[in-house]
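**Q** Below are the chains, spelled out letter by letter.
Number of protein chains: 2
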Amino acid sequence: MSNPTAAMITIGDEILSGRTQDTNMNFLAKELTARGIGLRETRVVPDVVEEIIAAVNHLRKRYTYVFTSGGIGPTHDDITADCVAAAFGVNIDVREDARAILAQNYANPEVDLNESRLRMARIPDGATLIENSVSKAPGFSLENVHVMAGVPSVFKSMVGVLLPTLRQGRAVLSLTVRAGMPEGELAGPLRELNEAWPSVDIGSYPFNRNGSFGADVVFRGDSQAELDQAAAALREYLGDRELPID
Amino acid sequence: MSNPTAAMITIGDEILSGRTQDTNMNFLAKELTARGIGLRETRVVPDVVEEIIAAVNHLRKRYTYVFTSGGIGPTHDDITADCVAAAFGVNIDVREDARAILAQNYANPEVDLNESRLRMARIPDGATLIENSVSKAPGFSLENVHVMAGVPSVFKSMVGVLLPTLRQGRAVLSLTVRAGMPEGELAGPLRELNEAWPSVDIGSYPFNRNGSFGADVVFRGDSQAELDQAAAALREYLGDRELPID
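Top line first, the protein sequences correspond to chains A and B.
Mapping of the first sequence onto my numbering: position 116 corresponds to residue 116, and the numbering continues sequentially without gaps.
Mapping of the second sequence onto my numbering: position 14 corresponds to residue 1014, and the numbering continues sequentially without gaps.
Keep in mind that the hints are not guaranteed to be accurate.
Claimed, not checked - Covered by chain B, according to a simulated footprint, are these stretches of chain A (three or more residues, beta-carbon under 8 Å):
{"#": "1", "region": "3-15"}
{"#": "2", "region": "27-37"}
{"#": "3", "region": "41-54"}
{"#": "4", "region": "109-117"}
{"#": "5", "region": "179-190"}
As the list claims (entries may be wrong) - With a cut-off of at most 30 Å between alpha-carbon atoms, the simulated DSBU-like pairs for lysine-lysine come out as follows:
{"#": "6", "chain 1": "A", "residue 1": "K156", "chain 2": "A", "residue 2": "K136"}
{"#": "7", "chain 1": "B", "residue 1": "K1156", "chain 2": "A", "residue 2": "K30"}
{"#": "8", "chain 1": "A", "residue 1": "K156", "chain 2": "B", "residue 2": "K1030"}
{"#": "9", "chain 1": "A", "residue 1": "K61", "chain 2": "B", "residue 2": "K1061"}
{"#": "10", "chain 1": "A", "residue 1": "K30", "chain 2": "A", "residue 2": "K61"}
{"#": "11", "chain 1": "B", "residue 1": "K1156", "chain 2": "B", "residue 2": "K1061"}
{"#": "12", "chain 1": "A", "residue 1": "K61", "chain 2": "A", "residue 2": "K156"}
{"#": "13", "chain 1": "B", "residue 1": "K1136", "chain 2": "B", "residue 2": "K1156"}
{"#": "14", "chain 1": "B", "residue 1": "K1061", "chain 2": "B", "residue 2": "K1030"}
{"#": "15", "chain 1": "B", "residue 1": "K1136", "chain 2": "B", "residue 2": "K1030"}
{"#": "16", "chain 1": "B", "residue 1": "K1030", "chain 2": "A", "residue 2": "K30"}
{"#": "17", "chain 1": "B", "residue 1": "K1156", "chain 2": "B", "residue 2": "K1030"}
If you're looking for bench data, these hints aren't it; they were derived computationally from the structure.
Here a beta-carbon is modelled for each residue, glycine too, at the ideal position from N, C-alpha and C.
Produce the complete structure using the sequences and hints provided.
**A** Below, the structure is given as structure tokens:
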């Protein structure tokens, strides 16, 4: 069985305006990679109903899993849950199990669980809840779409609960060699390695440190032996121009 | 004339694997916002020909500008320029002006400007070059698609050259008030402000610091007077629960 695939949708004008540097995508990407779930595409979309619905519907049909981040809080600009319900064509309303979880947060839920906070108990029909150990208000999964909060601490908490429940893939092995020479000199040798080990995926990621160009060469594949062989061949080529990885 | 709109495409398996935390999107977002160019959507796509072509063709028809980051180096996995040419259905080959720019980088261009490096002089027909003050190899603009490098220092250099040449919009004014209370209590008052100043866009961005929840309330719009009025109303509501912005 081939590895599961995934896409991520980040909902948030604050990311698109540059006000906030997103970090949830990188966190999720690492977690998925470690579990052999291939993140194939990510999108950031604005707080606009039609855009969110279109992205959810396009991506949920293409990938095993879709993960969303953001827009499930209590304020008027939190529209993700309603959009996901609309994308699936199902009803959404305050659900008793979600309301009960929210109520645990408050000494006086009759007063504190106001109309705005109750918005966070609005769950599409047929969804299952994703626990939030930080601030209670749950995320939810509807079929293959997993809806989580944008606040990084809450997002991480939800990912930690959710991922072990999903189908895992075979983790892709990887091995990195750092080259202290510009990509322009490396490119020829890398092309030869690429031809010699066709089942090893070889990526070259250039960097510029203190004015010197170098590149991290990442070997990825299913066979540790092949990664080791390809890396050894590169190391032989580099000689003392291999740099330590810090 | 309404403000220009924009989308960004980041090309890179290393972002999707979680190996690299992207920062180019946030940099570009801030620069565009400051110039009144509305970034409406961003995507990260893998190093896969069909995915890059599909994203370029979808987004270039929807937005005033499309910016790409990544995949224009000398190695076998650098396929962005060819994909952009294919998206437009135009030819791509080594171009003399780009080759001449690259040659400036080398003491001995006859030798150093090897086959791999010459890949960086491959420019689609009809494109104009984007200067790279860091490492010479240029980006390019083809119609409304602006193709830039992924290395952050080079990306920044290219954005700095490119943006002043594009149509600017009217910068959206913004004003932020930090509330030391959870969004669940703020949501009602924010909804009232939203109704009282319909032309002011009010976003609430929650945070969790040292276990305390708060929210940055961002007012955006064209009228400084209205932003000031809406913010003053929120400040009156918050009283001593307004927090300083660090």
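**Q** Work down the list of hints and note, for each, if the structure agrees.
**A** Tested hints:
1. 3-15: Per the Cβ count (3), the hint holds.
2. 27-37: holds (count 7)
3. 41-54: Contact hint for the region 41-54 of chain A vs chain B: holds, 8 residues under 8 Å.
4. 109-117: holds (count 5)
5. 179-190: holds (count 7)
6. A:K156 to A:K136: Distance of about 13 Å is within 30 Å: holds.
7. B:K1156 to A:K30: With Cα atoms ~26 Å apart, B:K1156 and A:K30 stay inside 30 Å; holds.
8. A:K156 to B:K1030: holds (26 Å)
9. A:K61 to B:K1061: Given pair A:K61, B:K1061 holds - Cα atoms ~23 Å apart, limit 30 Å.
10. A:K30 to A:K61: holds (23 Å)
11. B:K1156 to B:K1061: Given pair B:K1156, B:K1061 holds - Cα atoms ~25 Å apart, limit 30 Å.
12. A:K61 to A:K156: holds (25 Å)
13. B:K1136 to B:K1156: holds (13 Å)
14. B:K1061 to B:K1030: holds (23 Å)
15. B:K1136 to B:K1030: holds (25 Å)
16. B:K1030 to A:K30: Given that 30 Å is the threshold and the Cα spacing comes to 26 Å, the pair holds.
17. B:K1156 to B:K1030: Judged against 30 Å, a Cα distance of about 12 Å means the pair holds.
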